[in-house]
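Model the placement of chains B, S, G, U, E, X and Z with the ligands on the given structure of chain C, informed by the hints.
Those protein sequence lines, which keep their order, are chains C, B, S, G, U, E, X and Z. Position one of the first sequence corresponds to residue 1 (our numbering), numbered consecutively onward. Position one of the second sequence corresponds to residue 1001 (our numbering), numbered consecutively onward. Position one of the third sequence corresponds to residue 2001 (our numbering), numbered consecutively onward. Position one of the fourth sequence corresponds to residue 3001 (our numbering), numbered consecutively onward. Position one of the fifth sequence corresponds to residue 4001 (our numbering), numbered consecutively onward. Position one of the sixth sequence corresponds to residue 5001 (our numbering), numbered consecutively onward. Position one of the seventh sequence corresponds to residue 6001 (our numbering), numbered consecutively onward. Position one of the eighth sequence corresponds to residue 7001 (our numbering), numbered consecutively onward.
What the hints contain is simulated information worked out from the structure, not anything from laboratory work. Warning: the hint list may mix true and false statements.
Simulated coverage check for chain B against chain Z, where a stretch passes if three residues somewhere in it have a Cβ under 8 Å from a Cβ of chain Z [to be verified]:
no., stretch
1, 1062–1071
2, 1189–1203
In the EDC-like style, the derived pairs of lysine to aspartate or glutamate whose C-alpha atoms are separated by at most 16 Å in a straight line are [claimed, not checked]:
no., chain 1, residue 1, chain 2, residue 2
3, C, K203, X, E6240
4, S, K2113, S, E2149
5, B, K1297, B, E1214
6, Z, K7189, Z, E7037
7, S, K2113, U, E4031
8, G, K3086, G, E3066
9, G, K3153, G, E3029
10, X, K6196, X, E6230
11, C, K237, C, D148
12, E, K5030, G, E3116
13, Z, K7189, Z, E7230
14, C, K237, C, E342
15, G, K3080, B, E1214
16, B, K1353, B, E1299
17, U, K4030, S, E2149
18, B, K1203, Z, E7042
19, S, K2080, C, E214
20, S, K2086, S, E2066
21, U, K4023, U, D4045
22, B, K1203, Z, E7009
23, C, K159, C, E233
24, G, K3120, G, E3171
25, Z, K7196, Z, E7033
26, C, K203, X, E6042
27, G, K3113, G, E3179
28, B, K1228, B, E1299
29, G, K3086, G, E3103
Here are a few chain E residues that sit away from chain G, every Cβ distance over 12 Å (derived from the structure) [stated by the list, open to error]:
no., residue
30, M5001
31, I5018
32, T5044
33, I5046
What you are looking at is a predicted structure, and each value in this text was computed from that prediction instead of being measured. Glycine is no exception: its CB is placed at the ideal position from the N, C-alpha and C atoms.
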Amino acid sequence: MARVLMKGNEAFGEAAIRAGCKHFFGYPITPQSELPHYLAKRLPEIGGLYLQAESELASINMVYGAAAAGARVMTSSSGPGISLMQEGISYIACAELPCVVINVMRGGPGLGNIAPSQSDYFQATKGGGHGDYRMPVLAPASVQEIFDLIGLAFDLAEKYRNPVMVASDGMLGQVMEPVELGPRRETPLSPKPWATTGTAGRKSRNIINSLYIEPEELEKVNLRLQEKYRRIEAEEKRWEEYHTDDAVIVMAAFGMVARIAKAVVDRMRADGIPVGLIRPITLYPFPDAPFLKVLDKAETFLVVEMNAGQMVEDVRLVLGNQRPVHFYGRTGGMLTTVADVEARVREIWEGLK
Amino acid sequence: MARVLMKGNEAFGEAAIRAGCKHFFGYPITPQSELPHYLAKRLPEIGGLYLQAESELASINMVYGAAAAGARVMTSSSGPGISLMQEGISYIACAELPCVVINVMRGGPGLGNIAPSQSDYFQATKGGGHGDYRMPVLAPASVQEIFDLIGLAFDLAEKYRNPVMVASDGMLGQVMEPVELGPRRETPLSPKPWATTGTAGRKSRNIINSLYIEPEELEKVNLRLQEKYRRIEAEEKRWEEYHTDDAVIVMAAFGMVARIAKAVVDRMRADGIPVGLIRPITLYPFPDAPFLKVLDKAETFLVVEMNAGQMVEDVRLVLGNQRPVHFYGRTGGMLTTVADVEARVREIWEGLK
Amino acid sequence: MLEEVLIAGFGGQGILSTGMLIAYAGMDEGLHVSWIPSYGPEMRGGTANCGVTVSDSPISSPLVAEPTTLIAMNQPSLDKYESTVKPGGLILYNASFISRGPERKDVRVLGIKANEMAEKIGNVRFAANIILGAFIELTGSVSLSGASEALKKVLPPHRHKLIPANQQALEEGARFAREKTGH
Amino acid sequence: MLEEVLIAGFGGQGILSTGMLIAYAGMDEGLHVSWIPSYGPEMRGGTANCGVTVSDSPISSPLVAEPTTLIAMNQPSLDKYESTVKPGGLILYNASFISRGPERKDVRVLGIKANEMAEKIGNVRFAANIILGAFIELTGSVSLSGASEALKKVLPPHRHKLIPANQQALEEGARFAREKTGH
Amino acid sequence: MPQVIFNNDRCKGCELCISVCPKKIIALSKETINVLGFHPAGVTDISVCTGCSFCALICPDLAVIVLREEGDNGQSVNEGE
Amino acid sequence: MPQVIFNNDRCKGCELCISVCPKKIIALSKETINVLGFHPAGVTDISVCTGCSFCALICPDLAVIVLREEGDNGQSVNEGE
Amino acid sequence: MAVSWQHTEGLTDTLFSYCPGCTHGIIHRLVAESLVELGVLERTVGICPVGCAVFAYNFFNCDMIQAAHGRAPAVATGVKRVLPDRVVFTYQGDGDLAAIGTAETVHAAARGEKITIIFVNNTVYGMTGGQMAPTTLLGQKTTTTPSGRNATVAGFPIKVAEMLAPIDGTAYVSRVAVNSPKNIRLAKKSILRAFKTQLQGLGLSLVEVLSTCPTNWGLSPPEALRWLKENMIPVYPLGEFKTPEGDT
Amino acid sequence: MAVSWQHTEGLTDTLFSYCPGCTHGIIHRLVAESLVELGVLERTVGICPVGCAVFAYNFFNCDMIQAAHGRAPAVATGVKRVLPDRVVFTYQGDGDLAAIGTAETVHAAARGEKITIIFVNNTVYGMTGGQMAPTTLLGQKTTTTPSGRNATVAGFPIKVAEMLAPIDGTAYVSRVAVNSPKNIRLAKKSILRAFKTQLQGLGLSLVEVLSTCPTNWGLSPPEALRWLKENMIPVYPLGEFKTPEGDT
Ligand SMILES: Cc1ncc(C[n+]2csc(CCOP(=O)(O)OP(=O)(O)O)c2C)c(N)n1
Ligand SMILES: Cc1ncc(C[n+]2csc(CCOP(=O)(O)OP(=O)(O)O)c2C)c(N)n1
Ligand code: SF4
Ligand code: SF4
Ligand code: SF4
Ligand code: SF4
Ligand code: SF4
Ligand code: SF4
Ligand SMILES: [Mg+2]
Ligand SMILES: [Mg+2]
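Chain C extracted, bound-state conformation (with noise of 0.2 Å):
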């Protein structure tokens, strides 16, 4: 197979286009640019559509009507862009509909910056839009894992007819690594007879809504959704142990900082220090088994993300107070360093002794 240098973000649109997704509708936003600058060249290509939309707000609702139409459709953005499809992303969610939304995280609040973050966690996994919806979102940590992810997004979106986010920080997208291509997908893509297509050929009128008006159905859809969503969570966690087994001091980190939190254990154990690291691939499902399994050895949790401890709050509640969970994190663009993150276990760890 092909080894070849890629870009994260053009590993996106890549990655897109050899799950099947034919149709990008977005907006341009740093630092996630290349990734449509790659797809406006390769989609016409392969007979696709790359159509900049006049805002996000206008890109999310082209998702809606594209998805609606029965297309594997992907849209891209950062934080402040992503805010904007809130409203479109709760009402994809009511509506069922598959589709995958890629957040290249950045520095915020506000207009912040656009160096590295992962301070969109909550908004991703708790749902930043009004009501009870959840979606699954995905981590990637290198440019391969992307390819992996990207797949998995609409292989899950169309699964659970649901909107999924695959969510990075700008790193991440700004990083070229080298990657192996696998072949295009050349499976046929899910059959979609709830599509608005026209009537033509079928017996009845599809119609694609999130609007009940009587309390009765409208909770009958919440309760559709929420054992959906309880379907998500029991079969599709999904993470990276490291070093777990015998980790007095478990790590959890997710994204580019996993891998900053990997060396870290390696440094550790160089040094006979028992240090493992759970990565969580979904952020939602948030998969607490792993964290279950070490309890028998593991003392202490050490969570660390470029956020002010947003993940955190799922790590507690798994634990209970069952253990201490520490937090160590950048916020802003400042990037947690290998030496930063090891100074930090070795105070836990002379706090342990």
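The following block gives chains B, S, G, U, E, X and Z with the ligands in isolation, referenced to the frame of chain C:
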């Protein structure tokens, strides 16, 4: 003092006027429309301004401008409209401008319906917009309390230079109840030396901004914001306790639902079953103290919400796994009734024996 | 005392303001009261309803799911809500519009040809108040004088000249109920 | 082996593509590599820089905060990043643009009048590759032939005719470094 | 003679048909109340009906159907203002 | 004679002044590199300068000031296209 | 005997949710008849707005999508770009199209999306209780302009057809009214023409339809027709503002 | 000797963050000079956009607010309604004003907000790397129209001045360019006029300024001036489209 019958939505408006708010920007949406109707009439009478914006996006950004110019300013909407404000709220939080945003919650997700709901709890308390920001969220439970909390909302907004949300449900917006009207606030509003009012009479320029292109700077801003949030958490938690002293089962509920829970407490106590209620008045910062205080007697907790279980996460974060936390909720505008909650409490009580 | 009234009918029949009269009267008598309308696009269909609660203790939920009294001003409203009334409760209905009366046996029932009675006073508009008078007579949850007083607050100023006629309607309704039920 | 290179200078000096040459060469030699540009409105000021990591184990963070090698193509870049270089590391700078050389004593330092050398080959554009040649010579982190090969991938097709000249630049740079340092 | 059929169950008693009928032969039936709670419209004197179909054209609720002789197109487009 | 003062530290060497000077008397100094890293612009032969101020008008970076005799308004608005 | 006016198969049997005498119902019928006459009903996808027509998915007898408030043109764009051979239309009120949806409208127009927009101008936000719309007339009383719309505070009415006609990308732009049998017939012609423009792939077609809101205007339905004629048409003149053959 | 062209006190000493030869700098100077000449600098509040001019708060020597992308007219509305006697202006790019901010722009215009909009049309999204803007010319290559803007896919350029001039509520609408000394002088006059219109309380004033983006156009700054003249002006003709005295 005059006792008058007043609609919740009108009370929001009158309370704002009494709190010295003279500027309102908004866009109509059910079930809060009586609020703009009321202010469209009343504000011009007191020399204030009601301006109907072209959208919620415009509303929140007009609020941003008006707050930057030093005004006490408010907007109001419901679910879908509040989702559209998420980018703006994130900007306001980062630029540290005081303002009040009212969400008269309706059934979601998507267009949902216009029946009462509490399903925007996560969006309000965890930050539906991008980046690490928080805003105080106040939840009145009666038309009378709207007056208290709107005043408090403006005070907190200016004290902390932060947006403050008042979260109600459609039922409270629509109901008419007797209220006692206090005098209109005569205290001068706090000075705002930072406001962009033109440099005349000032040595230096004022700038309202949320862009900090250097990560070092943006991190400083975030640290300052986080420090402020810790202060808010230390100083501004508010709640009501109802028969919690000797309660074995402690319920938690906010807004109108808390009144239903109270009725359940009364009914249970009439039967000699020791049930109590904690009513968070601030949803953020979430009041942990009353929960921790009751732990010697309380054996189990029941959270009642008009959503799929959102505040329940905050209760679990407080309690860890020290006690079971049950949940009872209805969605889509279906109402939690006294009878249903009572049944659930009895069931839990049976389980305890 | 807990009286939960559901008033339902066409828009334009004075449903909402009739409910307010009860609420105001209750408030002025020092009771806890609440009033809540149905809202939203149901209005489009031309129907309107509201729930009024009058109680001597604080009101937990203002929504009236199981009324102690149903005042039905048209057939669809009666059909829709008849079954929700609490056993032992009361159903008042406008017999001018409703040919098929309620079937429940476990509630008190009174049909009033309110339109005809109202026309006698001078205008069908007073129909709702005739039924309100009957409600007050039969439940005693608020006083007739309280409701009469409340007219000033509920009617817009340009309708204040109609207050005497409205008061007459209340009294006619009360009298009718008294006579009809030997109350 | 872990080589973390920071390349910084003006936009238009070939900063980004020089970095890519290292990354491609490393990749083809089976090493772990990453390349990351600075991005955003700093571009507006006309500066550009990128970080390249070449390693025999997986790369944790692609950002190069403490480079083992700094390649500074102009004075502001040298001034800004000199202090970040790891002790024992290497600073290569384009002496055609930089009059005030580095002051660090704990790193290896080599100034190259790359523009002049490049002009001899035919175009100042080759300056960055001259310095790249020196880098390869002095660190051995990738091979000269690997970088030469990589030119095909990094240069757009319409510039492929310049590959020989670029290769010459790499070699000149390597030779210069060899001679200058007795490497 | 044209036939004008009112679908009582759809009529909302809005009187738009009444307002456009050139012959003023439509009225609400004050006695009847339909399922929707409205007094439905009906023709009082079909004998003068021109078959112009204005009533059907303006009815917002698809409650009117006009049947007329083949070839008779009622009034022309430019009428009925 | 007019004076044309270039602020070297602000100049970005964009050559816009060069492109509009009717006398073609502005050039970048190939030898100097300013703090910003650019070759700054300067006048080669002030003696033929008309004081038209086109250079200052077009300079996007406020790097040029033109001083001229009172009353001399340089070229008129309609010139300098 | 021939049935001259008949229930069209372009509509379902479901009773309209509109208030008595609201002309939304007439417009629905004209759109549905047009789709049937053009023989495209079963390859049509309609988009309903948020507004009183939010329930239009219950009425149009074709595949339907309910869109977020103001975003129908973006949703329609998504559909049409995926299914270029389908007929795609949006049905939007003045709040939906000319307030919150301004950007989506203008840009669908500028892109020349091959869709048809039925734009129902009734000068108010009907569904939410009669608030001021961008199209509210100066001096008109609404629930949010209780003393009448005052331009100094609340600005001027927006003339949508006039604003969109000059935009490259629109192919057919007209304004019609449904206040009289004659105007209804003309409206039908215009709507047909709009859909034909779409079928010919010429660009965006938009028909602005002046419509009544008796409920929020506080008028009887016949009075509302008169009010439309006397107050709206002078401000919003009827006619074709752009045709594929050239501006008129 | 008289200083004929001088650093204005309307600008700070901070070096512009713009690329070499980018004409944003010229426009800044003209706006600043106008505020000084009108004597209103210290009662002015400026709103910067998201775009290359996002840092304008560092440059204009008055109180400044940084607004969310496209929302500057809404922010300006908030300021002006609270402080009606201040001078309020926005400075916005074509992406900011004519794409994401379309609704805010049209509605500030329709409301006749007494603000001044300086609209910088450089046919691309400068700051984010040269993507297509609503104003990108047909055939123009950008990073998101790599084979040139094709109307069938990406639509037609939007002519902002022409679109806004007919809207009731705008009082002064013009288009100028800063590609030559002569045009710069005319631009200055127009900007002055726009601010005067605001001071007279007549309604919204907007000056569309054709500007260059040498970086993303891939041209040298002098080439960029020429490109502007030869390619932009024919599509975006200069002139006053509306004046307080009447449309021109
Ligand atoms: C984001 C959002 N904002 C506001 C609303 C509330 N809302 C529903 S319909 C409507 C306006 C409807 O007016 P119009 O578009 O003119 O349609 P009409 O009802 O008059 O036909 C509004 C503001 C909403 N549903 N979503
Ligand atoms: C909500 C949001 N979407 C997108 C962006 C990214 N963004 C920043 S500037 C810009 C466009 C700038 O173009 P323009 O307005 O033409 O200004 P110019 O840089 O050309 O002067 C965009 C899309 C953002 N910051 N916020
Ligand atoms: S067809 Fe014409 S004349 Fe006959 S009832 Fe209808 S409107 Fe009247
Ligand atoms: S127009 Fe139709 S709905 Fe209205 S009264 Fe006539 S038949 Fe009935
Ligand atoms: S003032 Fe005129 S002639 Fe003199 S240098 Fe400047 S542009 Fe040239
Ligand atoms: S126009 Fe200004 S910045 Fe450009 S070269 Fe001339 S002096 Fe320098
Ligand atoms: S509210 Fe107005 S627009 Fe809506 S259905 Fe009723 S009359 Fe029609
Ligand atoms: S990117 Fe373009 S618009 Fe932005 S500063 Fe550079 S030249 Fe100017
Ligand atoms: Mg409307
Ligand atoms: Mg631009």
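Practice task
Against the earlier hints, flag every one the structure doesn't satisfy and list their numbers going up.
Solution key: 3, 4, 5, 10, 13, 14, 17 and 28
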